[in-house]
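Number of protein chains: 2
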Amino acid sequence: MQAYRSLATTFSRLGAIEDASGILGWDMQTLMPDGASDMRGEQLATLNVLAHEILTSPQTAEALAEAEEEVAGLGEWERANLREMRRAYIHASAVPADLVEASSKASTRSEMAWREARRQGNFAMLAPHLAETLRLQRRIGEVKGAVLGLSPYDALLDGYDPGMRQARIDPLFALLRATLPDLLGRAQARQAAQPKAVPLPGRFPVENQKDLGLTLMRAAGFDFDRGRLDVSLHPFCGGATDDVRITTRYDEADATRALMGVMHETGHALYEQGRPAAWRHQPVSQARGMSLHESQSLLIEMQACRSREFVAFLAPRLREAFGGEGPAWEADNVYRLYTRVEPGFIRVDADEVTYPAHILLRYELETAMIAGDLAVADLPGAFNDGVRRLLGLTVTDDRDGCLQDIHWPGGSFGYFPTYTLGAMGAAQLFAAACEALPGIRPALAQGDFSALRGWLRDNIHAKGSVLQTDELFVAATGKPLGAEDFLAHLERRYAADAAVS
Amino acid sequence: MQAYRSLATTFSRLGAIEDASGILGWDMQTLMPDGASDMRGEQLATLNVLAHEILTSPQTAEALAEAEEEVAGLGEWERANLREMRRAYIHASAVPADLVEASSKASTRSEMAWREARRQGNFAMLAPHLAETLRLQRRIGEVKGAVLGLSPYDALLDGYDPGMRQARIDPLFALLRATLPDLLGRAQARQAAQPKAVPLPGRFPVENQKDLGLTLMRAAGFDFDRGRLDVSLHPFCGGATDDVRITTRYDEADATRALMGVMHETGHALYEQGRPAAWRHQPVSQARGMSLHESQSLLIEMQACRSREFVAFLAPRLREAFGGEGPAWEADNVYRLYTRVEPGFIRVDADEVTYPAHILLRYELETAMIAGDLAVADLPGAFNDGVRRLLGLTVTDDRDGCLQDIHWPGGSFGYFPTYTLGAMGAAQLFAAACEALPGIRPALAQGDFSALRGWLRDNIHAKGSVLQTDELFVAATGKPLGAEDFLAHLERRYAADAAVS
Chain S
1 MQAYRSLATT
11 FSRLGAIEDA
21 SGILGWDMQT
31 LMPDGASDMR
41 GEQLATLNVL
51 AHEILTSPQT
61 AEALAEAEEE
71 VAGLGEWERA
81 NLREMRRAYI
91 HASAVPADLV
101 EASSKASTRS
111 EMAWREARRQ
121 GNFAMLAPHL
131 AETLRLQRRI
141 GEVKGAVLGL
151 SPYDALLDGY
161 DPGMRQARID
171 PLFALLRATL
181 PDLLGRAQAR
191 QAAQPKAVPL
201 PGRFPVENQK
211 DLGLTLMRAA
221 GFDFDRGRLD
231 VSLHPFCGGA
241 TDDVRITTRY
251 DEADATRALM
261 GVMHETGHAL
271 YEQGRPAAWR
281 HQPVSQARGM
291 SLHESQSLLI
301 EMQACRSREF
311 VAFLAPRLRE
321 AFGGEGPAWE
331 ADNVYRLYTR
341 VEPGFIRVDA
351 DEVTYPAHIL
361 LRYELETAMI
371 AGDLAVADLP
381 GAFNDGVRRL
391 LGLTVTDDRD
401 GCLQDIHWPG
411 GSFGYFPTYT
421 LGAMGAAQLF
431 AAACEALPGI
441 RPALAQGDFS
451 ALRGWLRDNI
461 HAKGSVLQTD
471 ELFVAATGKP
481 LGAEDFLAHL
491 ERRYAADAAV
501 S
Chain R
1 MQAYRSLATT
11 FSRLGAIEDA
21 SGILGWDMQT
31 LMPDGASDMR
41 GEQLATLNVL
51 AHEILTSPQT
61 AEALAEAEEE
71 VAGLGEWERA
81 NLREMRRAYI
91 HASAVPADLV
101 EASSKASTRS
111 EMAWREARRQ
121 GNFAMLAPHL
131 AETLRLQRRI
141 GEVKGAVLGL
151 SPYDALLDGY
161 DPGMRQARID
171 PLFALLRATL
181 PDLLGRAQAR
191 QAAQPKAVPL
201 PGRFPVENQK
211 DLGLTLMRAA
221 GFDFDRGRLD
231 VSLHPFCGGA
241 TDDVRITTRY
251 DEADATRALM
261 GVMHETGHAL
271 YEQGRPAAWR
281 HQPVSQARGM
291 SLHESQSLLI
301 EMQACRSREF
311 VAFLAPRLRE
321 AFGGEGPAWE
331 ADNVYRLYTR
341 VEPGFIRVDA
351 DEVTYPAHIL
361 LRYELETAMI
371 AGDLAVADLP
381 GAFNDGVRRL
391 LGLTVTDDRD
401 GCLQDIHWPG
411 GSFGYFPTYT
421 LGAMGAAQLF
431 AAACEALPGI
441 RPALAQGDFS
451 ALRGWLRDNI
461 HAKGSVLQTD
471 ELFVAATGKP
481 LGAEDFLAHL
491 ERRYAADAAV
501 S
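Those protein sequence lines, which keep their order, are chains S and R. Under the numbering used here, the first residue of the first sequence is numbered 1, with each subsequent residue one higher. Under the numbering used here, the first residue of the second sequence is numbered 1, with each subsequent residue one higher.
Don't take each hint at face value.
[To be verified] Listed next, with one range per pair, are the computed distances between beta-carbon atoms:
no., chain 1, residue 1, chain 2, residue 2, range
1, S, D38, R, R139, 57 to 65 Å
2, S, R165, R, D34, 41 to 49 Å
3, S, A124, R, E69, 36 to 44 Å
4, S, V71, R, R135, 56 to 64 Å
5, R, D349, S, R203, 38 to 46 Å
6, R, P58, S, G381, 53 to 61 Å
Keep in mind the hints are simulated off the structure, nothing from the lab. This structure is a prediction, so every number in the text was calculated from the model and none was measured. For every residue, glycine included, the Cβ atom is placed at its ideal position computed from N, Cα and C.
Bound conformation, chain S alone:
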């Protein structure tokens, strides 16, 4: 037990460092003045290197080996904690310290370059920085892959979604690629036969949007004693233990978009705020990978908040918040706005039916970039080709194309598929929750999330990482993660003859 206890102390310290980086990262994207970016990069790189040194020290390695000898004396959570410590150790020790530091600095730099490149719609400004970031991420994938016995891409993917593999994703994505074009066609045909969704008329002051967002966050159970809502260019959920910070961006011409963005990040935040407090800063308390994390945001946004039931609760509150008048504010129209299907350029604005196409494209491109089959210089062309092929649209400005996302400039390769795996998980978990507790949907019509939140807390949030992803899905839904419930949900909401969901 002594070795295990010393590991717990070490990982508690690592958790505090990670929390510090979380707040610094949040600040960088919300408030930091531009001239501070070099120094902030150094701060984050230094914390990263320190954590890396602690995690990969000979003392940690020895304590791990010793604790694994004593595993019989440990309880279920401690054993899972030890397993996750080993996982963290393998991922970290595979990468030499200078590579960690170089990639952290390069990512910070290319992220800052991306901000300017995006503002100007000038990919050439980003290209050299992105090329360097990609080069270092490929190198990380190679060295990790060598240790884990995985391809470079799988090794990177495993860092975001433990246990997930390209070979597991490919058939799921192939099913979507085969099914969705027909489903989209029928959804568009049905939509054309119905009354047209009318945009809410007026201008919508940021303050009112923010107030309504805060009200809905409270209804969903966001704990403001341990979190905040702020503004950033690219919305995210970040921060630290007991200090979960979500962001959004407001458009005064549109009352609906930021609101659902806020509820999306609130789904992430509920997961973070619901993680097992007794295991704070220990690896077993961590969220179980990014696919599951995204399942929580999409469950709140797509499954719960865009349901007919919740929109019936929301519509009068929207009207009240903005002093709206006329038929556009009726629940039926608001529901049509929130379930409108239309292929578009921007991933984060995409509807549920076309969103997977954005991910299929990015997955295709990033697997090719990591495999060395696609150079950064060729990215805009390949991106635009894919948009034409998968969405039927022609990109004329890279701001609508490969400059729209922060992920690659920020060094995240292997992250994109988790969005669509998350959409699948959201549908599967919501279906199971509603089957277990039939009162969930009627309660949403009253703006009451408590039954849903209780089910999620018990079955997902409070589990941390004690179970591995598919064990968690089996325990919660009776089966491993699949695409069926997601496709059934899309069929019901968008393509079925009568819109019931």
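Given chain S, put chain R in place with the hints provided.
For chain R alone, kept in the frame of chain S given last:
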């Protein structure tokens, strides 16, 4: 040179950790939700311990000893850098790691308790936390003092103001204690004989106060590409290298107070932004102690911004910012408002003439607390006795007494005297600057700080810590730090027959 170079790398890393703590500390006082305080305490304590471990490691000790052998090969700045590295090492290695961690956590806890105690005016809520913080600070003073050959109080003082000693302060403060009551009496008599200062009438929206503050910050030369202005309960200048963050608090009933608060913190910020960029993160680039730091804030606020010249520039801008009408907005009245003398309870609101009394009191009490002659339980009584004796006022609410300042709850003992030492330094430096560049005062009447800022940059800011404090004063003013220029300034501005300054 190899040992020196390895030290430079180590201290660069330490600088990045300190910067990270600076941003986390800023966030704690501006934005952090209350429920995050325990975890934030852990984050700061962890970074503190990490920095402490690096600074006091055997490798650092060996490299220091080795580099000191090779000192002949170093230039002036490198030698000064090495001297400051040794200073930092001595201060840190004197204190065992568990004491560092315990005191950091205790300070965070008592700082949070102070917030609530102050809100409720309930000293008992703070007392046990403050007692623990004091106990640990006394212990730190003792162990440092043993190594440095200093009393515990001098050892703590040396941490804020290198080289400053109680024996040096005592005669300076005795001179103030002997001189100021008479000066105050004459200032009040002169004030009574002049037209009464009329408060600016109206309500003053935070947004307008903020905008005017930003305008004046820009005029003074604050670099917004490397800094911000925000709001906190207790104004401060913090943040990190290339990211200097000042705060203020606004009162919509008063247009004048926050504005000078902003200029005060801007004085601190100009020092931070003007430190030698080529030596970033090295000890020699640091500001030279808190007395000198305070001299910079008070020079901008008290010497420059409350001068007749600058008030002539400011008054019409105040009127314009708030749409003011009537005689209260005339420069003469605004000058009378900004140089009004009146004994009061709150240190941060005190005028120049009575401010030293607040410091004499706190200096008296904290030297007694550290010497073990005053217990925390007896603090409110002793504080209130002192307020009666030194300011002639009766405290009836601890919010107006010993609960008003964050310093002691935050673990800062030995900091208070630096405010009044700073006031002395400000007067001495401003007098020297105006003598060297007679255009400084006329330029201030045009809102032009460039000559003053240039002199400060050359003579103070860009020097970092290459000179020790009194060397710096001799180089810049021809004499070591003294009280004469400060007393002459007060005499001229407040007590002389014709108000010329």
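Exercise. Which numbered conditions among the earlier hints are violated in the structure presented, ordered from lowest to highest?
Worked result: Per hint list: 1, 3 and 4 violated.
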